[in-house]
Amino acid sequence: MTQKPLILVTNDDGINAPGIRTLIEVMNEIGDVVVVAPDSPQSGMGHAITIDSTLYVERVIVDNEKQLEYSCSGTPADCVKLGIREVLDRKPDLCVSGINHGSNSSINVIYSGTMSAAIEAGIEGIPSIGFSLLNYKWNADFSATKSYVKKISEMVLKHGLPNGIVLNVNIPNISKKEIKGIKICRQAKANWVEEFDKRKNPQGKDYYWLTGKFVNLDYGEDTDEWALENGYISLVPVQFDLTAHHYIQNLNSWNLNG
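Residues in the sequence shown are numbered consecutively from 303, following my numbering.
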């Protein structure tokens, strides 16, 4: 008999979030599932790892499905590291992260715990995908995502991914019949214009709330933002080699050793 693919599932919204429960349900149709996810929400953690305190991993049963599940006290990246090194008895064939409650398109990929978990697995040479739904509500409806999540995951298992490449998949918050399909995109040039709401506590000490708005500065029709605004699922291949290769020759002209 052919061995089923081993799939590591994680997220940043916590092990009880509806998004990861949907992702687990879909992955159970594809392979043998092991979940290692944070015990509490870790959104916006980026690629943070725990180095100054202890980490705990606990076997849990969230529902009666067949997957093995572990709750971790650390960040999403910690979950992947511990999953690979301590929980699994062999290297997984696929790592999927999400389904995130909210967008991880364009610049959001930098801050995303969801994508950082997928990237951590990618660093280990594991084909990896981060999935996000453009709905921040806890009770978001993930039903329209299921068939697309399954299709993309099966394609990655079939074709693999090159070393250093991870997929960032964002799904618009519309009904399944309104989704026009999957569009391969580049990351839009967009950013947050941030402000801080300054207040004082009862003791007179200043404190701040981060606020702001998302601004898309990219009008190209080949971007993830355009795809999502026009009813498509965006799929962006992400590389975690941050070297600006095109600028190396320019820097060599600076005569730094002269």
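Wrong hints could be hidden among the right ones.
The calculated BS3-like cross-link candidates involving lysine-lysine, where the alpha carbons are at most 27 Å apart (straight line), are [claimed, not checked]:
hint, residue 1, residue 2
1, Lys515, Lys485
2, Lys448, Lys368
3, Lys393, Lys448
4, Lys453, Lys485
5, Lys460, Lys368
6, Lys491, Lys439
7, Lys452, Lys482
8, Lys485, Lys452
9, Lys453, Lys393
10, Lys500, Lys478
11, Lys393, Lys491
12, Lys448, Lys502
13, Lys368, Lys452
14, Lys448, Lys479
15, Lys439, Lys479
16, Lys500, Lys448
17, Lys515, Lys491
18, Lys500, Lys515
19, Lys482, Lys453
20, Lys507, Lys491
21, Lys460, Lys439
22, Lys478, Lys439
23, Lys306, Lys491
24, Lys460, Lys485
25, Lys452, Lys439
26, Lys306, Lys368
27, Lys306, Lys453
28, Lys482, Lys460
29, Lys306, Lys448
30, Lys393, Lys439
Pairwise CB distance ranges, derived in the manner of DEER restraints [claimed, not checked]:
hint, residue 1, residue 2, range
31, Gly466, Lys368, 49 to 55 Å
32, Pro539, Gln305, 24 to 30 Å
33, Lys306, Glu497, 24 to 30 Å
34, Ile486, Asp354, 19 to 25 Å
35, Val495, Asn532, 20 to 26 Å
Everything labelled a hint here was simulated from the structure, so no lab data went into it. All values reported here derive from a predicted model rather than from experimental measurement. Even glycine gets a Cβ: it sits at the ideal position worked out from N, Cα and C.
Given pair status - Lys502, Lys448, alpha carbons within 27 Å: Distance ~46 Å between Lys448 and Lys502 Cα, so the pair is violated.
Satisfaction of hint between Lys482 and Lys452, Cα-Cα up to 27 Å: 17 Å, holds
Pairwise hint evaluation, Lys452 against Lys485, where the allowed Cα distance is 27 Å at most: 16 Å, holds
Holds or violated: Lys500 to Lys478, with C-alpha atoms at most 27 Å apart: Cα-Cα ~42 Å, so violated.
Pairwise hint evaluation, Lys452 against Lys368, where the allowed Cα distance is 27 Å at most: This hinted pair holds, its Cα atoms lying about 18 Å apart.
Given hint Lys491 paired with Lys515 - CA-CA distance at most 27 Å: The hint holds at about 15 Å.
Distance restraint between Lys482 and Lys460, which requires alpha-carbon spacing of 27 Å or less: 24 Å, holds
Hint consistency between Lys515 and Lys485 [alpha-carbon to alpha-carbon, up to 27 Å]: With Cα atoms ~25 Å apart, Lys515 and Lys485 stay inside 27 Å; holds.
Lys460 paired with Lys485 [C-alpha distance capped at 27 Å]: 19 Å, holds
Outcome of range test on Cβ distance (Lys306, Glu497; 24 to 30 Å): Taking Cβ atoms as reference, Lys306 and Glu497 lie about 50 Å apart, which means the hint is violated.
Restraint check for Lys460 with Lys439, where alpha carbons must lie at most 27 Å apart: 33 Å, violated
Restraint check for Lys306 with Lys448, where alpha carbons must lie at most 27 Å apart: 20 Å, holds
Comparing the model with each numbered hint stated earlier shows that hints 10, 11, 12, 16, 20, 21, 23, 30, 31, 33, 34 do not hold.
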